[in-house]
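First residue of the sequence shown? That's 7 in our numbering, and the numbers climb one at a time after it.
Everything labelled a hint here was simulated from the structure, so no lab data went into it.
Simulated restraints on C-beta separations:
#: 1; residue 1: Q97; residue 2: P10; range: 32 to 40 Å
#: 2; residue 1: T9; residue 2: V63; range: 32 to 40 Å
#: 3; residue 1: P10; residue 2: P42; range: 26 to 34 Å
#: 4; residue 1: L69; residue 2: R107; range: 22 to 30 Å
#: 5; residue 1: D100; residue 2: P29; range: 17 to 25 Å
#: 6; residue 1: S118; residue 2: E11; range: 22 to 30 Å
#: 7; residue 1: H15; residue 2: G99; range: 33 to 41 Å
#: 8; residue 1: P42; residue 2: G8; range: 28 to 36 Å
Where is the CB? At the ideal position from N, CA and C, for every residue including glycine.
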Amino acid sequence: FGTPEEVYHQPASTFVASFIGSPPMNLLQHAPGARPGTLLGIRPEHLDIGADGWEVVVDTVELLGAERLIYARLGGEALIVRVEEGRPAPQPGDTLHVAPREDRLHWFDQASGQRLCLPPRRRAAPRRRAPPRGAANHAQRGAWGNLPSGPTRAGSPTGAPASSRPRTPWLPSAWAPNMATACSSAT
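Could you put together the complete structure from these sequences and hints?
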């Protein structure tokens, strides 16, 4: 067992994922990048509408005051997306692109419903740049050493500028589990 936050963020099974949170977690068997025998879980509030991502077709839109629930189809599977009410409402039949937040993906074994552990993600070693000519001290190189100063992408573990962070394609195979390894998580 765990705290409500732990159960929400790391459900132990599809059963737990389906009743914690409202609306419940989307559980997708045929999501792009999913391997046979796995289910991808993503909460409606962890899908972002934009120019990139999965192409979905809107079935209906429900206004709930401060938010809207967009009921859509990804291939033949139902998908719910939660957005703020101030955003323009799509119409039934519209095509949208939704991108899952990579740090909010959950993988489950399709047969047992149990949470799967992901293999560790390999991160590329950071590229080091030579200091600019005449940069004799830390202050001339910026607060992050060899990283250029300027705006950074929120959530960057390195504080790297948005322009220098590589973009990851949606659901690369490295995210999908390569074996059915159950992991400990909140129930």
